[in-house]
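Visitor: I would like the entire structure built from these sequences, with the hints used as guidance.
Protein chains: 2
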Amino acid sequence: MRKVFVIGIGAGDPDHLTVQAIKALNEVDVFFVVDKGDEKAELAAVRKEICRRYATAKPYRIVEVDDPARDRTDPAYGDAVRSWHDARTEQYAELIEHEIDDGKCGAFLAWGDPSLYDSILRILCELASRSTPVFEYEVVPGISSVQVLAAKHRIPLNEIAGSVAITTGRRLASSGLPEDFDHVVVMLDGNCAFTTVTDDVDIYWGAYLGTDDEILVSGRLRDVQSDIQRRRQRARDAKGWIMDTYVLRRRRLP
Amino acid sequence: MRKVFVIGIGAGDPDHLTVQAIKALNEVDVFFVVDKGDEKAELAAVRKEICRRYATAKPYRIVEVDDPARDRTDPAYGDAVRSWHDARTEQYAELIEHEIDDGKCGAFLAWGDPSLYDSILRILCELASRSTPVFEYEVVPGISSVQVLAAKHRIPLNEIAGSVAITTGRRLASSGLPEDFDHVVVMLDGNCAFTTVTDDVDIYWGAYLGTDDEILVSGRLRDVQSDIQRRRQRARDAKGWIMDTYVLRRRRLP
Numbered sequence: 022m023r024k025v026f027v028i029g030i031g032a033g034d035p036d037h038l039t040v041q042a043i044k045a046l047n048e049v050d051v052f053f054v055v056d057k058g059d060e061k062a063e064l065a066a067v068r069k070e071i072c073r074r075y076a077t078a079k080p081y082r083i084v085e086v087d088d089p090a091r092d093r094t095d096p097a098y099g100d101a102v103r104s105w106h107d108a109r110t111e112q113y114a115e116l117i118e119h120e121i122d123d124g125k126c127g128a129f130l131a132w133g134d135p136s137l138y139d140s141i142l143r144i145l146c147e148l149a150s151r152s153t154p155v156f157e158y159e160v161v162p163g164i165s166s167v168q169v170l171a172a173k174h175r176i177p178l179n180e181i182a183g184s185v186a187i188t189t190g191r192r193l194a195s196s197g198l199p200e201d202f203d204h205v206v207v208m209l210d211g212n213c214a215f216t217t218v219t220d221d222v223d224i225y226w227g228a229y230l231g232t233d234d235e236i237l238v239s240g241r242l243r244d245v246q247s248d249i250q251r252r253r254q255r256a257r258d259a260k261g262w263i264m265d266t267y268v269l270r271r272r273r274l275p
Numbered sequence: 022m023r024k025v026f027v028i029g030i031g032a033g034d035p036d037h038l039t040v041q042a043i044k045a046l047n048e049v050d051v052f053f054v055v056d057k058g059d060e061k062a063e064l065a066a067v068r069k070e071i072c073r074r075y076a077t078a079k080p081y082r083i084v085e086v087d088d089p090a091r092d093r094t095d096p097a098y099g100d101a102v103r104s105w106h107d108a109r110t111e112q113y114a115e116l117i118e119h120e121i122d123d124g125k126c127g128a129f130l131a132w133g134d135p136s137l138y139d140s141i142l143r144i145l146c147e148l149a150s151r152s153t154p155v156f157e158y159e160v161v162p163g164i165s166s167v168q169v170l171a172a173k174h175r176i177p178l179n180e181i182a183g184s185v186a187i188t189t190g191r192r193l194a195s196s197g198l199p200e201d202f203d204h205v206v207v208m209l210d211g212n213c214a215f216t217t218v219t220d221d222v223d224i225y226w227g228a229y230l231g232t233d234d235e236i237l238v239s240g241r242l243r244d245v246q247s248d249i250q251r252r253r254q255r256a257r258d259a260k261g262w263i264m265d266t267y268v269l270r271r272r273r274l275p
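Heads up: the sequence lines are chains A and B, in that order.
All letters in the first sequence, in the order written, are residues 22 to 275 by the working numbering.
All letters in the second sequence, in the order written, are residues 22 to 275 by the working numbering.
Quick caveat, the hints were computed from the structure, so don't treat them as lab data.
Treat the hints with care, since some could be wrong.
The list treats identical chains as one, so a pair stands whether inside a single copy or across any two.
[Unchecked claim] No more than 35 Å apart at the CA atoms, straight line, and that leaves these computed lysine-lysine pairs for DSBU-like:
1) LYS125 with LYS260
2) LYS125 with LYS173
3) LYS260 with LYS61
4) LYS44 with LYS24
5) LYS173 with LYS61
6) LYS173 with LYS57
7) LYS57 with LYS24
8) LYS79 with LYS61
Guide: Here it is in structure tokens:
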């Protein structure tokens, strides 16, 4: 049998690593590094720095994994993700069987927390349920970008006794702000879906959270949204990519 | 000026501490330990163990803080919490001013992540906005029990392109499962509100997450709910207290 770790490595700052994650890193013989797009080089560098800094107990290999192409023009977003997911599943089955020797340990390093908007747990669950699994696996939680965002803005994510919604830019744009939620966290928003929101809300926005390039903006949405769009575009032009997330909070009546 | 840290310390396992949290712990002169109820002694012991293990750079004091009484019989839950919150705010103003010397550093250790169902950020925000604040403060995110739950069950918290709701037992019991959410995380549930759910869902339940007493149960809600109730009651009787959380996931059509 092989052992596979899925290790949450936080949002970008190597100081986000937990003691549990560092212990896991030190059991690993093979790290799989999966990055894609324009941010690839920069993100891969952070992962390698994390291995260099913390995985000091024994020698290890780093295997860079090419992400299967995803059809980003497909209007049926869920379908496109699912077919990409199937390709990735077969790719990971190969990696685990051929890159990890029997009795050895491999790891996937997940940005943020592996349970939020990451495919890896779904893939491993599927592989582990096949007739003769060749590996067992363990998940190590990590600090998500949502938590870094809340910490940097020093805000709670919930009202007293209230509920929190975590959703995507796509869903926000198509369905609007969910009812009954004072706080809505929005992830995976490539298109400034906050500009479609007409409710009176405050926004707490952050990009490149936990890194030297971090940008934070907060305020009443209607007052700051053009500023966020402008700064977002400028940063994206300068770096070639952007990762951002935000919280929308309904304004209470005075 | 004084410096105050709010440090997320994870769900119970000292290995949940991040490198960032450990660095912060080592700047602290005074730790405030606030616990209450039957779990008080056990939880205070975990916090002290965390200080002992990680805060090694300089001497520190631990100040145990009595929690103001909260009227748990008040049917207006939000109001009761708010008046308790006001009492706590004054108490913390006193603590910061009188227990931390000028130029020194204090810290509140928050279970899980400080941004989820914890009053401390709301209180500090209020104090810091008063006319002459005597302190500045910084928030360090931590691994929440939700993330430990997901990691132990090895489940994603979202469907592909889906949304996640985080709510309380009280809200689940009064309003039912939120529409448009495949995954609903329930926290602060003292009364097994899952028994009020009639939708066909899977449950992923966990108690004392990250500790030696951890219990995990998962399955189709209708099949496992009595088992969870039984085990929950037994554990609570044995230890005198329980902390649990769970995820409900709508079953997909085959």
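Visitor: Now look at each hint and say whether the structure bears it out.
Guide: Each hint tested on the structure:
1. LYS125 with LYS260: neither (38 Å within a copy, 39 Å between copies)
2. LYS125 with LYS173: This pair counts as between: shortest inter-copy Cα distance 22 Å, intra-copy 39 Å.
3. LYS260 with LYS61: Within. Shortest intra-copy distance 12 Å satisfies the 35 Å Cα cut-off; inter-copy 49 Å does not.
4. LYS44 with LYS24: both (14 Å within a copy, 31 Å between copies)
5. LYS173 with LYS61: both (25 Å within a copy, 30 Å between copies)
6. LYS173 with LYS57: Result: close both inside a copy and across copies, 27 Å intra and 28 Å inter.
7. LYS57 with LYS24: So LYS57 and LYS24 pass the 35 Å test inside one copy only (25 Å; across, 40 Å).
8. LYS79 with LYS61: within (26 Å within a copy, 41 Å between copies)
Violated hint: 1 only; the structure is consistent with all others.
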